[in-house]
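Listed in order, the protein sequences are those of chains D and E. Taking the working numbering, the leading residue of the first sequence gets 210, the next gets one more, and so forth. Taking the working numbering, the leading residue of the second sequence gets 594, the next gets one more, and so forth.
It is possible that part of the hints are untrue.
List of simulated lysine-lysine pairs, PhoX-like, C-alpha gap at most 20 Å [as the list claims (entries may be wrong)]:
{"hint": "1", "chain 1": "D", "residue 1": "Lys287", "chain 2": "D", "residue 2": "Lys240"}
{"hint": "2", "chain 1": "D", "residue 1": "Lys328", "chain 2": "D", "residue 2": "Lys297"}
{"hint": "3", "chain 1": "D", "residue 1": "Lys290", "chain 2": "D", "residue 2": "Lys324"}
{"hint": "4", "chain 1": "D", "residue 1": "Lys621", "chain 2": "D", "residue 2": "Lys596"}
{"hint": "5", "chain 1": "D", "residue 1": "Lys260", "chain 2": "D", "residue 2": "Lys240"}
{"hint": "6", "chain 1": "D", "residue 1": "Lys328", "chain 2": "D", "residue 2": "Lys553"}
{"hint": "7", "chain 1": "E", "residue 1": "Lys642", "chain 2": "D", "residue 2": "Lys596"}
{"hint": "8", "chain 1": "D", "residue 1": "Lys441", "chain 2": "E", "residue 2": "Lys723"}
{"hint": "9", "chain 1": "D", "residue 1": "Lys380", "chain 2": "D", "residue 2": "Lys328"}
{"hint": "10", "chain 1": "E", "residue 1": "Lys762", "chain 2": "D", "residue 2": "Lys487"}
{"hint": "11", "chain 1": "D", "residue 1": "Lys509", "chain 2": "D", "residue 2": "Lys564"}
{"hint": "12", "chain 1": "E", "residue 1": "Lys762", "chain 2": "D", "residue 2": "Lys621"}
Don't read these hints as lab results, they were simulated from the structure.
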Amino acid sequence: MKYQKSIFLCMAIFVSILLLVPAGYAQGPIKFGAILPLADITGDQGAKAMKLAVKEINRAGGLLGRQVELIVVDDEMKPEKGAAAVEKLVTVDKVDVLIGGMSSGVHLGQIPIMKKYEKVTVWMGAASSRCEQAVGAAADWYFHLHPWDYQQGASYLEGWSAINQKRPEVKIDKWFNSYEEGAFGTASFKAGQPQFANWLTPQGKPRTLDGEPFKSAALGGGDYRTVLRHAKETKPDIFLWTGYDADALPIMEQAKEIGFAPPVFIGSPPGWPAAFGKSPLAEGVTLYGMWAPSIKEVSKVSKHFWDAYIKEYNQEPATYFAPLAYTNVGFVAEGIKKAKTLEKAALIKALEETKYVSAVGETLTIKPSNVIKHQGFTKQKILQWQKGQQQVIWPFEFATSQLAYPFPSWDKR
Amino acid sequence: MERVRTGQIVEINADTLRAVMTLLSKLKQSNYQIAVISIVLAIILAAWKPHVLIEGLQRACLYALIALPMALILGIVGIINLAHGEFMMLGAYFAYSLNVYTGMDPLVAVFPALIAFFLIGIATYRTIIKYVLGAPELNQLLLTFGLAMVMEQLANLIWTSRPIKLPLKYVSASATIGSFTFGTFEFVYIGAAGIVLAGLLLFLKRTSTGQAALAVGQNPRGAKLVGIHVDRTYLLIFSLSIALVGAIGAIFMTRHSIFPLVGAPFTMKSFCLIAMAGIGNLMGILWCSLILGLAENFVLSFRGYAGWADILFFALIVGVIVIRSRQRQVK
Numbered sequence: 210m211k212y213q214k215s216i217f218l219c220m221a222i223f224v225s226i227l228l229l230v231p232a233g234y235a236q237g238p239i240k241f242g243a244i245l246p247l248a249d250i251t252g253d254q255g256a257k258a259m260k261l262a263v264k265e266i267n268r269a270g271g272l273l274g275r276q277v278e279l280i281v282v283d284d285e286m287k288p289e290k291g292a293a294a295v296e297k298l299v300t301v302d303k304v305d306v307l308i309g310g311m312s313s314g315v316h317l318g319q320i321p322i323m324k325k326y327e328k329v330t331v332w333m334g335a336a337s338s339r340c341e342q343a344v345g346a347a348a349d350w351y352f353h354l355h356p357w358d359y360q361q362g363a364s365y366l367e368g369w370s371a372i373n374q375k376r377p378e379v380k381i382d383k384w385f386n387s388y389e390e391g392a393f394g395t396a397s398f399k400a401g402q403p404q405f406a407n408w409l410t411p412q413g414k415p416r417t418l419d420g421e422p423f424k425s426a427a428l429g430g431g432d433y434r435t436v437l438r439h440a441k442e443t444k445p446d447i448f449l450w451t452g453y454d455a456d457a458l459p460i461m462e463q464a465k466e467i468g469f470a471p472p473v474f475i476g477s478p479p480g481w482p483a484a485f486g487k488s489p490l491a492e493g494v495t496l497y498g499m500w501a502p503s504i505k506e507v508s509k510v511s512k513h514f515w516d517a518y519i520k521e522y523n524q525e526p527a528t529y530f531a532p533l534a535y536t537n538v539g540f541v542a543e544g545i546k547k548a549k550t551l552e553k554a555a556l557i558k559a560l561e562e563t564k565y566v567s568a569v570g571e572t573l574t575i576k577p578s579n580v581i582k583h584q585g586f587t588k589q590k591i592l593q594w595q596k597g598q599q600q601v602i603w604p605f606e607f608a609t610s611q612l613a614y615p616f617p618s619w620d621k622r
Numbered sequence: 594m595e596r597v598r599t600g601q602i603v604e605i606n607a608d609t610l611r612a613v614m615t616l617l618s619k620l621k622q623s624n625y626q627i628a629v630i631s632i633v634l635a636i637i638l639a640a641w642k643p644h645v646l647i648e649g650l651q652r653a654c655l656y657a658l659i660a661l662p663m664a665l666i667l668g669i670v671g672i673i674n675l676a677h678g679e680f681m682m683l684g685a686y687f688a689y690s691l692n693v694y695t696g697m698d699p700l701v702a703v704f705p706a707l708i709a710f711f712l713i714g715i716a717t718y719r720t721i722i723k724y725v726l727g728a729p730e731l732n733q734l735l736l737t738f739g740l741a742m743v744m745e746q747l748a749n750l751i752w753t754s755r756p757i758k759l760p761l762k763y764v765s766a767s768a769t770i771g772s773f774t775f776g777t778f779e780f781v782y783i784g785a786a787g788i789v790l791a792g793l794l795l796f797l798k799r800t801s802t803g804q805a806a807l808a809v810g811q812n813p814r815g816a817k818l819v820g821i822h823v824d825r826t827y828l829l830i831f832s833l834s835i836a837l838v839g840a841i842g843a844i845f846m847t848r849h850s851i852f853p854l855v856g857a858p859f860t861m862k863s864f865c866l867i868a869m870a871g872i873g874n875l876m877g878i879l880w881c882s883l884i885l886g887l888a889e890n891f892v893l894s895f896r897g898y899a900g901w902a903d904i905l906f907f908a909l910i911v912g913v914i915v916i917r918s919r920q921r922q923v924k
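Make a model of the complete structure from these sequences and hints.
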């Protein structure tokens, strides 16, 4: 009898524990599978920002009563590694959502595997419209946050038109684009040509885009003097170079060396080298990006992200992939909250309807792009290095400074 | 009187003829042929496109500077060091670290880099290179290729793949002649290439250690028979070469962004230059670099032909190697 009582007591305790333990722990965590190039600053800081976002979500009680687990896999900037990472996350880790991404080349290798499993994917990287074509219109499980290359190009023209309208002294009619001779630079230049053909002055005259390739330092080059001389000879209103961060400071040094200071000097690498802003040669250089640290002055979410990131990692976010990665996790979490389930159709519908105030500044909403159904951001921002900081020039609603024009001459630095 | 005068004329004519014949015989040598072509090109370019001449010379000397230590190893130790560019990359990071932690200018860091990389060279030779000297060439290639990979990943772990560039004011120094403005800092490459080349030639031809090294390079077994310590010579030459390329890394990083993969393309270019000049021909490397540097800049100076620069670079190399091979076959 005594023995039966003891068994009954133990069972009662066991059942109580089961009932008291939140259902979430019993079900296990919700898994986010992220793929990033961890050796690159974009992947390194992107992964850190994602971990920060997940930590904040879990501290606030998780999602659907369950904790969130982030599994990060390094794609090493290699398409085959990126594709294998998708396979592993879906089949071994059995993640609920795929996130991350940076390089278009890697993404092109991943898309066939993603299409095989059709797991809900919210991709923050890859700007090449070749990826968009590879994904295709039928992929309702695919969400893309970064603007496509043609959207970026269109937003630059929109931005410069707006600046010119506001400040007519800023001439924008004659452009010279020096671009790195690889796929990235050449594709950017070619994408710009048809857009320039339809970009007319208020008087109806066509604006001109001239250009010439150079060998990037990233590929064994590093001597830009010839292409800079050619640009100087054409006397452009705006000089734009499209290359990598390794080219950034040497281009400025060599432009100074040959005395080339166009009225607007734009650099368009995916990221800037450490300490670029500290060089006096950086002053007045215009750039494009989705985010700048100064956005924290005009966006509360961006300010929260900035402070939390520095507190967590004791370093400043230096690439827009950090707030974008933070947004990537936050947007998915918001969608799951809205859907109240991880069921695929419901989650897709919820993500379609989610309006997420992001750390990059804008409110993220989903609209169709040229090919896919679910495109997030469509615009880049025009920024400028001023006194070592990236200031937002356009869109004007996020502007933290005015365009310094013309580009200061080399002897006045 | 008449006879004497005639005799003198004959004598003078014989001297002149001998001098001309000597010159002609020298011109038959490939180095002198390359020199004449270079001088003619330089005169034309100076008048027509001065920036091609100046910037071509500067670039050419950078290529020569990087290729010379590789040629030294290949000529004497007999190993194609595929980690050559990676040693330069580490030299660049070494100078960068010295600048960050002690404020030392990279051009001053050349001297500690020489010492540090000499020691690194000794360690590399003693622990790795020594064991493959007698191995098939493919094994040697794979080993140095593996070494290059290790060094790249090591740099990736320590400094990440993010490019680093020190903002140095003096690298954008320029001069103006009339309406022509050109950079003056890269003349440092010309000076450095001259110093390294002259130093190596003096060492190899005027010192007993250098002559012993040449003997080892030509016939290691014979050198051993006459009492030269072959292993110690290999160690010295390998370490000297690594010391030089490490120090060159410090000069290189003043003007270039550095990242783990920055050295790899220069391994390829250096090897091609050595193949073009002929193994062991240090002077030839300078001339070949001049031709390639000037030709490359000449092509680049025409808008729309930038893509031809690399094609021309490698086409010239292929052409020279093919001609040399045919000449050898004829002999």
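Given the proposed pairing of Lys290 of chain D with Lys324 of chain D, does the C-alpha separation stay at or below 20 Å?
Holds. Lys290 of chain D to Lys324 of chain D sits at ~17 Å (cutoff 20 Å).
Sort out whether Lys621 of chain D lies within 20 Å of Lys762 of chain E, counting only the CA atoms.
holds, 14 Å
CA of Lys441 of chain D to CA of Lys723 of chain E, is that 20 Å or under?
It is violated: about 53 Å lies between the C-alpha atoms, which goes past 20 Å.
Are Lys287 of chain D and Lys240 of chain D close enough, with their CA atoms no more than 20 Å apart?
With a Cα-Cα distance of about 24 Å, the restraint between Lys287 of chain D and Lys240 of chain D is violated, given a limit of 20 Å.
20 Å Cα cutoff - pair Lys762 of chain E, Lys487 of chain D:
holds, 12 Å
Would the hint linking Lys642 of chain E and Lys596 of chain D be met if the CA-CA limit is 20 Å?
violated, 38 Å
Below or equal to 20 Å on CA atoms is what counts here, so check Lys509 of chain D against Lys564 of chain D.
holds, 16 Å
Is Lys380 of chain D within 20 Å of Lys328 of chain D, Cα to Cα?
violated, 48 Å
Hint check: Lys328 of chain D vs Lys297 of chain D, CA-CA at most 20 Å. Holds or violated?
The given pair, whose Cα atoms are some 13 Å apart, holds under the 20 Å limit.
Please work out if Lys328 of chain D and Lys553 of chain D have their alpha carbons no farther apart than 20 Å.
holds, 8 Å
Pair hint outcome, Lys621 of chain D versus Lys596 of chain D [Cα-Cα no greater than 20 Å]
holds, 14 Å
Below or equal to 20 Å on CA atoms is what counts here, so check Lys260 of chain D against Lys240 of chain D.
OK: Lys260 of chain D and Lys240 of chain D at ~12 Å, within 20 Å.
Hint compliance for this structure: hints 1, 7, 8 and 9 are broken, all remaining hints hold.
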